[in-house]
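With the hints as extra help, turn the sequences into a complete structure.
As a plain string of letters, each chain reads:
Number of protein chains: 2
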Amino acid sequence: MTSSTRRLPDQRPSRVIIDAVFPEIDDGRFPAKRTVGERFEVTAHIVSDGHDLVDAVLRLRPEAGGDWAEVHFEALGNDEYRARATARTPGRYRYTVEAWIDAYRSWATDLERRVMANWDIASELREGARFVEEAANRAGWPDAERLRVLAARLADESIPQLERASSALDPEYVALAALYPDRGNAARYDRELPLVIDSERARYGTWYEMFPRSQGTDPNRSATFREAAGRLPDIAAMGFDVLYLPPVHPIGTTKRKGRNNALEAAPGDPGSPWAIGGPEGGHTAVHPDLGTIEDFDWFVGEARNFGIDVALDIAFQCSPDHPWVHEHPEWFRHRPDGSIKYAENPPKRYEDVYPLDFDTEAWESLWTALLGVFEFWLDHGVKIFRVDNPHTKPFPFWEWLIGQIKAREPSALFLAEAFTRPKRMQALAKLGFDQSYSYFTWRNSKAEIVEYFTELTTPPVSEFMRANLFVNTPDILHEYLQVGGRPAFLVRATLAATLGPTYGIYSGFELCEGDPVPGTEEYADSEKYQVKVRDWDAPGNIKAEIS
Amino acid sequence: MTSSTRRLPDQRPSRVIIDAVFPEIDDGRFPAKRTVGERFEVTAHIVSDGHDLVDAVLRLRPEAGGDWAEVHFEALGNDEYRARATARTPGRYRYTVEAWIDAYRSWATDLERRVMANWDIASELREGARFVEEAANRAGWPDAERLRVLAARLADESIPQLERASSALDPEYVALAALYPDRGNAARYDRELPLVIDSERARYGTWYEMFPRSQGTDPNRSATFREAAGRLPDIAAMGFDVLYLPPVHPIGTTKRKGRNNALEAAPGDPGSPWAIGGPEGGHTAVHPDLGTIEDFDWFVGEARNFGIDVALDIAFQCSPDHPWVHEHPEWFRHRPDGSIKYAENPPKRYEDVYPLDFDTEAWESLWTALLGVFEFWLDHGVKIFRVDNPHTKPFPFWEWLIGQIKAREPSALFLAEAFTRPKRMQALAKLGFDQSYSYFTWRNSKAEIVEYFTELTTPPVSEFMRANLFVNTPDILHEYLQVGGRPAFLVRATLAATLGPTYGIYSGFELCEGDPVPGTEEYADSEKYQVKVRDWDAPGNIKAEIS
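Line by line, the protein sequences are chains A and B. For the first sequence, the working numbering gives the first residue as 1, with consecutive numbering after it. For the second sequence, the working numbering gives the first residue as 1, with consecutive numbering after it.
Hints in this document: simulated from the structure, not taken from any laboratory. Predicted model only: the values in this text are computed from it and were never measured. Idealized CB from N, CA, C, for every residue including glycine. Honestly, I wouldn't trust all of these hints.
Looking from chain A toward chain B, a few residues come up when the C-beta cut is under 7 Å (computed) [as the list claims (entries may be wrong)]:
1. R335
2. E364
3. H391
4. T420
5. K423
This is how it looks when you write it as structure tokens:
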């Protein structure tokens with residue numbers, strides 16, 4: 001072996017090793033999540049050689065830059081350490097760990113053992129005086145002064161050794177010296193991990209879903225936003241603070257579905273709000289039957305007066321009548337014969353809907369337009385978005401889009417409606433969705449609930465995924481509710497409200513509506529395809545129990 | 001929001017996300033370990049949006065460079081994937097994962113569902129023909145030819161749709177098309193993880209520890225290497241393949257310990273082999289009473305003739321008589337009065353030993369000299385090193401040193417004698433030690449054994465740490481052996497030999513030697529401080545049972 005191959009490190013590496021820093025999601029690729037005021041706890045393994053003791057800090061700062069704030073770790077034993085912090089401003093942060101040999105405390109611990117062994121400590125006291133003097137040189141007034149007094153005392157051979165040792169071991173002095181360590185050879189964790197601080201609503205809230213068109217008194221026509229606002233006092237009284245509206249856009253007429261999902265609509269059938277777009281506009285228009293965009297703005301303001309945030313459903317798909325179909329045919333998938341492919345999932349066909357083609361060469365204009373949809377509604381006072389089927393669009397698209405929106409509005413909130421496999425739901429949560437629908441509706445036995453909520457509340461999942469425990473949706477009326485009657489509704493509402501900080505109901509739940517299309521989880525006479533007028537104070541309702 | 005803030009990615013990101021790649025030790029900072037021929041299994045979570053299927057490969061290559069070898073992952077369900085590989089050459093490797101949408105298989109799966117739903121598939125068959133043609137363009141002869149035949153058939157409208165679908169779904173064709181995917185938009189895992197392939201001996205072996213000076217017939221003098229070689233047939237017959245020798249260097253006379261660790265040695269007491277160094281030399285010399293370096297070389301060769309590798313004990317500490325004490329006083333820690341500090345751990349003192357000062361400013365010359373010690377013995381045919389107390393030296397030093405040695409000799413093997421806290425033992429294993437002493441001697445009840453071996457055999461620990469299950473050492477004679485008699489020795493040997501692939505005994509174990517210094521785990525009349533002559537065929541021995 002020639003000496004040239006014996007390459008030494010450029011400088012002596014730190015004697016301290018930091019690892020197992022937690023939370024750390026996928027090697028720091030994705031952020032841990034907290035909300036304003038929520039405790040952020042970081043643990044790490046910190047080891048060094050020999051008998052010396054280590055000290056360590058958690059370092060935190062805004063991602064955009066600025067000074068690091070530092071919090072000391074406490075030793076938990078077994079080389080495990082823990083630090084806790086709290087952030088008060090929403091946004092993106094970075095955190096990392098720094099650790100070093102605590103020279104003074106190591107010396108003091110050794111000194112104590114020598115005293116217990118009745119050894120001569122003259123040499124050690126001289127050494128200690130030097131440590132304290134060095135700490136003094138790193139300190140400012142008045143601590144420097146106090147440390148110099150201690151150093152002089154330790155070196156004063158006219159004072160009995162045991163009295164000097166007693167000063168050296170005084171916990172107040174040990175703590176003081178620890179404030180001014182030599183961090184020149186500190187170990188720095190080799191990455192700055194991301195942390196997202198969201199607004200409180202990302203973690204805690206109660207959601208109410210309703211079709212505004214059903215909030216009137218005439219089942220033969222759509223109610224307006226002005227009429228729907230009449231429900232706000234009732235919703236506020238039940239304690240809800242988010243009001244989620246299915247798509248409020250114009251609805252296509254081509255291949256429109258009729259009542260109960262009939263293949264052909266009868267005259268006057270309003271169609272599904274998820275068949276988005278018509279001659280009146282697409283994802284940035286409101287259905288004329290609901291009113292104007294000004295009416296929408298007014299509705300959002302009215303809701304706010306009741307302490308309620310309006311959440312919109314963003315469903316990226318188009319009816320054949322959507323303006324984009326003509327303006328941007330390149331955003332859709334075409335068959336070899338040139339026709340556009342409607343949505344299919346054999347044996348099911350959704351002829352009233354064209355999916356967007358994210359594999360298009362024109363992905364840049366498509367992504368930009370879709371971002372524009374969110375920006376439009378942000379400009380109209382909406383900060384909460386329930387995203388329809390995000391798992392059927394590319395995950396990197398969502399990461400980019402949510403990043404763009406949150407850079408503008410850190411308190412924006414995205415709920416993923418992804419009823420799919422666990423790792424795909426988790427991926428969406430990692431890359432930016434604040435909340436996720438869950439399997440809760442299908443977890444009804446005790447064993448199912450224990451198993452599922454153990455998964456949701458155990459790290460690492462609990463570090464990045466927050467479940468929104470909807471008890472029902474327009475698509476999911478579980479058999480438990482179909483057959484269980486009023487007690488079942490009370491049980492499920494109680495579980496949802498207590499198993500997590502965020503839950504929701506789809507309107508009608510409070511009336512214990514439980515009639516299905518037989519053999520399915522669909523509602524009979526589903527509001528998805530017709531206007532449904534109800535007596536919101538019908539006997540047997542559980543409004544008082546919910547609120 | 002201005003358009004300048006809507007920055008799009010430079011290119012459309014892959015739709016596939018790869019995460020949870022395992023093994024991955026500390027974000028890839030440390031290597032996973034395998035031995036030649038041992039199965040290397042990698043798992044990953046691979047998710048994508050929508051209904052498309054993914055395909056993925058594990059990629060492996062030598063760290064120095066070269067072509068990637070690829071092994072396909074198999075789907076385990078729930079978005080989990082697994083691939084297996086085996087390496088046949090010791091050394092350092094890198095591995096990573098690449099995944100992409102399997103367009104043909106996704107199309108074929110969709111086609112099958114359409115066929116089952118009795119739908120017209122004319123358009124789909126045209127699409128499929130295009131996929132197959134594209135695959136043909138990526139293939140070479142003869143596969144390209146076979147794919148073109150399939151493409152032509154799929155496009156041939158004179159053939160009934162179902163017959164064409166049947167060809168398209170033929171598993172052989174599906175597999176053939178999968179061999180030539182479009183990987184232009186594949187996802188690549190963002191790091192190349194390290195893997196170390198060690199020689200088989202790093203995982204599998206049986207160790208025998210003996211003091212060569214005790215292998216003669218006269219307790220009043222040291223035996224020589226030539227005499228000690230007389231034990232080799234016996235050791236080989238017991239089935240051992242590593243013969244580990246405590247330090248073979250000159251022993252200091254200053255503050256030499258006497259028999260049974262007496263503070264003062266009597267005339268003729270040989271001293272502890274761990275008090276290394278005298279006027280005759282230090283860590284690169286052999287004790288004159290054992291012979292010359294040529295005798296040592298001869299001994300190593302003789303052992304090899306019996307299929308036995310000699311392992312040396314490397315203990316980085318010096319007797320006050322070691323040449324380095326005079327030649328390199330800067331490598332030792334001095335008291336304020338200028339004297340060198342001997343080893344202390346209050347209330348214990350080790351006056352016959354000076355520790356090396358790794359905090360010295362002269363760390364570069366110290367590290368280089370210590371590396372030279374290993375190089376010296378490597379040049380004398382020793383590839384296996386049992387390192388004394390590595391946890392009292394800086395961890396980065398070992399990472400550097402082992403890296404240097406293994407770059408020269410990949411089959412070198414390092415056993416860490418670190419009886420310390422779990423995370424420190426694990427850190428040493430991560431940064432390069434091939435094997436570790438363990439807590440096995442102190443795990444005697446069933447519950448203790450189950451708990452401890454669950455820890456050792458569970459990932460991630462099992463990915464980087466290999467325990468060498470010594471049943472005793474010159475420092476550890478467990479109470480179980482002190483009081484249990486011959487049955488206890490048989491029980492412990494059986495457990496050690498069956499609970500893991502590597503175990504070891506310190507000589508005398510086969511004679512069921514169990515006399516302690518009362519109240520301690522030290523041997524009475526310990527061989528550490530005196531020559532001990534035994535009858536290796538004494539009645540009651542368990543040599544036949546061990547072999």
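Item to check | Restraint satisfaction for R335 of chain A [CB to CB of chain B, less than 7 Å] | outcome: For R335 of chain A, the interface hint holds, since the closest Cβ of chain B sits about 5 Å away, which is under 7 Å.
Checklist entry - Once the shortest beta carbon distance from T420 of chain A to chain B is found, is it less than 7 Å? => result violated, 9 Å
Item to check | Evaluation of the interface hint that places H391 of chain A against chain B, nearest CB under 7 Å | outcome: Cβ of H391 of chain A sits 6 Å from chain B, so the hint holds.
Checklist entry - Close enough to count: is the Cβ of K423 of chain A nearer than 7 Å to one in chain B? => result It holds, given that the least Cβ distance between K423 of chain A and chain B is near 4 Å, below 7 Å.
Next on the checklist: Restraint: E364 of chain A near chain B, CB-CB cut 7 Å. Satisfied or not?
Outcome noted: holds, 5 Å
Figure legend: structure checked against the earlier numbered hints; the only hint not met is number 4.
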